[in-house]
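Enquirer: Whenever a hint applies, use it, and build me the whole structure from the sequences.
Heads up: the sequence lines are chains A and D, in that order.
For the first sequence, the UniProt record's numbering assigns the number 1 to the initial residue and increments by one for each residue that follows.
For the second sequence, the UniProt record's numbering assigns the number 1 to the initial residue and increments by one for each residue that follows.
It is worth saying that the hints were derived from the structure and are not from the lab.
Derived lysine to any residue pairs resembling SDA-like cross-links, with alpha carbons at most 25 Å apart:
#, chain 1, residue 1, chain 2, residue 2
1, A, Lys125, D, Leu345
2, A, Lys149, D, Tyr322
3, A, Lys125, D, Glu342
4, A, Lys153, D, Glu317
5, A, Lys186, D, Leu333
Protein chains: 2
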Amino acid sequence: MSRKITVAAAQVGAIDLGAEKQRTVQRLIKLLHEAAGRNVRLVVYPEATLTTFFPRHFVGSQEELDKYFEHGEDITQSRDVKPLFDAAKSHGIDIVLGYAERTPDGTGYNTSVYFSAAAGKVISKYRKVHLPGRVEPFEDPDATNQLEKRYFKPGNLGFKAFRAPGLVAGAVKQAHIKDGESSNGKGDPIMGMLICNDRRWPEAWRVYTLQGAELLMFGYNTGGHMAHLWGGKSMPPEQAEQEALFHSRLVQQANSYMNACFSISSARCGMDDGKYNLIAGSSIVDPEGHVVAEAKTSGDELVVAEIDLALCRQGKERTFDYGRHRRIEMYNLISEQTGVVEPELL
Amino acid sequence: MSRKITVAAAQVGAIDLGAEKQRTVQRLIKLLHEAAGRNVRLVVYPEATLTTFFPRHFVGSQEELDKYFEHGEDITQSRDVKPLFDAAKSHGIDIVLGYAERTPDGTGYNTSVYFSAAAGKVISKYRKVHLPGRVEPFEDPDATNQLEKRYFKPGNLGFKAFRAPGLVAGAVKQAHIKDGESSNGKGDPIMGMLICNDRRWPEAWRVYTLQGAELLMFGYNTGGHMAHLWGGKSMPPEQAEQEALFHSRLVQQANSYMNACFSISSARCGMDDGKYNLIAGSSIVDPEGHVVAEAKTSGDELVVAEIDLALCRQGKERTFDYGRHRRIEMYNLISEQTGVVEPELL
Chain A
1 MSRKITVAAA
11 QVGAIDLGAE
21 KQRTVQRLIK
31 LLHEAAGRNV
41 RLVVYPEATL
51 TTFFPRHFVG
61 SQEELDKYFE
71 HGEDITQSRD
81 VKPLFDAAKS
91 HGIDIVLGYA
101 ERTPDGTGYN
111 TSVYFSAAAG
121 KVISKYRKVH
131 LPGRVEPFED
141 PDATNQLEKR
151 YFKPGNLGFK
161 AFRAPGLVAG
171 AVKQAHIKDG
181 ESSNGKGDPI
191 MGMLICNDRR
201 WPEAWRVYTL
211 QGAELLMFGY
221 NTGGHMAHLW
231 GGKSMPPEQA
241 EQEALFHSRL
251 VQQANSYMNA
261 CFSISSARCG
271 MDDGKYNLIA
281 GSSIVDPEGH
291 VVAEAKTSGD
301 ELVVAEIDLA
311 LCRQGKERTF
321 DYGRHRRIEM
331 YNLISEQTGV
341 VEPELL
Chain D
1 MSRKITVAAA
11 QVGAIDLGAE
21 KQRTVQRLIK
31 LLHEAAGRNV
41 RLVVYPEATL
51 TTFFPRHFVG
61 SQEELDKYFE
71 HGEDITQSRD
81 VKPLFDAAKS
91 HGIDIVLGYA
101 ERTPDGTGYN
111 TSVYFSAAAG
121 KVISKYRKVH
131 LPGRVEPFED
141 PDATNQLEKR
151 YFKPGNLGFK
161 AFRAPGLVAG
171 AVKQAHIKDG
181 ESSNGKGDPI
191 MGMLICNDRR
201 WPEAWRVYTL
211 QGAELLMFGY
221 NTGGHMAHLW
231 GGKSMPPEQA
241 EQEALFHSRL
251 VQQANSYMNA
261 CFSISSARCG
271 MDDGKYNLIA
281 GSSIVDPEGH
291 VVAEAKTSGD
301 ELVVAEIDLA
311 LCRQGKERTF
321 DYGRHRRIEM
331 YNLISEQTGV
341 VEPELL
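Expert: Structure (structure tokens):
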């Protein structure tokens with residue numbers, strides 16, 4: 001039985017420091033209209049989509065910093081962003097949106113929500129677990145910072161898979177299943193959200209697919225200069241960008257394969273403020289690790305594919321049949337030891 | 001400080017069902033002589049190197065089955081194989097050798113040993129944890145079996161990283177370290193062994209690199225026909241072989257990058273008995289996920305590279321600094337739940 005959905009990554013190009021949030025949201029809505037015209041049922045927007053990637057800047061004033069965050073419990077009621085959710089609902093398109101969240105108690109998270117058009121509301125929220133970067137800014141005023149560990153707390157919601165209603169035809173419903181029976185992958189699709197750096201951590205993918213996830217979705221802001229700045233050896237900027245793209249694609253393909261799931265990645269990309277380069281490369285990858293669609297530009301672009309979730313079954317029932325092949329008695333270290341403990345010296 | 005070693009994968013081509021073990025060992029020794037001439041200090045042989053890949057056959061007789069196994073506690077004293085270890089010792093080359101092990105109590109394991117020339121003995125043994133295949137043979141007598149779950153028990157030695165003495169110049173020794181000080185990656189190299197299918201399981205790589213592993217080594221017997229036989233859709237044999245190579249390479253590159261370690265993979269390959277095709281593709285991959293050397297043939301071939309283990313530090317101290325970035329409170333499911341538990345149906 002096929003389980004087809006037409007999905008899209010909505011890649012978003014440069015957003016400068018002073019960009020008005022309402023205008024940025026209009027760009028997102030424009031991509032959504034295009035999606036509607038192409039029969040897309042699910043659109044994935046990038047990480048922290050609503051502003052420039054502000055963790056690259058040290059922001060001393062709390063008031064200024066607060067401008068980059070969405071405040072309150074319900075993003076769909078956030079004045080500047082509400083028109084996007086209204087458009088999604090009227091088009092009948094589900095969306096994943098990444099944004100900087102400030103909770104009522106003042107905590108900052110790097111967050112994504114899943115808005116279900118069928119449910120008319122957010123049905124899942126994810127807060128980024130693997131925050132890269134540092135707490136303290138570099139002393140060199142010309143260095144590009146990465147201050148996610150300063151502005152955000154690590155996500156506290158875990159990796160909770162969820163089902164999205166109404167996306168595939170003929171999904172088996174709970175009411176039709178007897179106690180003790182399994183849906184055998186025939187219910188509403190099982191999904192999970194990651195954010196940016198999470199995609200490099202196989203633990204995150206595995207926790208989701210231990211819950212049967214068939215589709216993982218993530219946005220990213222990935223500096224094309226990172227390999228240059230962080231590399232052990234000096235590297236020309238063009239080569240550094242290629243290296244960053246290579247790593248991004250490599251982990252998406254391999255983790256999709258090793259977890260027998262589809263994945264959709266969506267980049268905030270282009271050249272912010274004329275000098276901060278972010279890689280593009282938004283793509284849709286199948287459960288055998290093959291790229292089925294990818295961005296051709298480094299600007300606003302809709303990357304569309306029809307995917308058949310039934311193709312996950314091959315991996316999930318053969319090579320990656322966890323129940324038959326995993327040996328959890330050998331994996332304790334993964335959840336018991338955070339850092340490295342080397343064997344004794346000889 | 002650089003930590004350079006010249007290493008090699010010793011790829012081994014076709015071995016037919018009736019091949020004499022002594023002649024096969026002579027092929028391995030020939031590759032070792034070539035390695036000595038090229039200043040190689042470490043040679044990695046494939047999985048179950050000493051015979052044809054017998055789990056593809058249903059062997060009813062215990063006596064016949066026993067011919068494919070090495071018996072007893074110490075493989076270096078096994079009559080047919082001893083000449084290989086003697087040659088390694090005389091050349092001063094460390095070797096990794098995969099073989100089918102029958103313990104004194106009669107248990108079968110799919111095993112690899114690490115023989116240290118400096119120590120003059122086996123200093124680490126690994127038994128394959130992720131056994132693919134089935135216990136029962138196919139009913140169709142023409143089908144190619146994969147009976148590893150029948151002939152072997154899952155490995156019971158865990159993923160235990162170890163240090164190999166004498167391989168890099170100037171390694172810091174325990175005697176020179178004060179209590180509580182760390183070697184900071186300057187001691188003898190930290191290594192780990194995997195076998196074949198283990199390479200597709202990120203859990204295995206992670207447990208090793210949580211112990212600081214800088215180099216993972218594995219052999220494989222991977223059917224070029226598998227994607228054809230197991231695939232949900234029919235695929236011509238040439239395409240199936242490309243697909244199997246793609247997956248093999250993809251997981252090696254991505255897991256090397258995500259674990260900031262080098263890896264050496266060594267194939268038993270070619271066309272056994274004129275009809276069972278195994279993929280080649282032996283390769284050496286660096287901690288950024290790039291292939292630095294790879295096999296050009298599908299026969300006996302030495303794949304050589306000089307690698308610098310110091311290149312692991314960039315990944316281990318930045319993007320994949322486990323101590324700063326891992327969030328073990330989110331990973332419980334990985335070591336607590338073997339199979340998939342799906343969210344409730346809607």
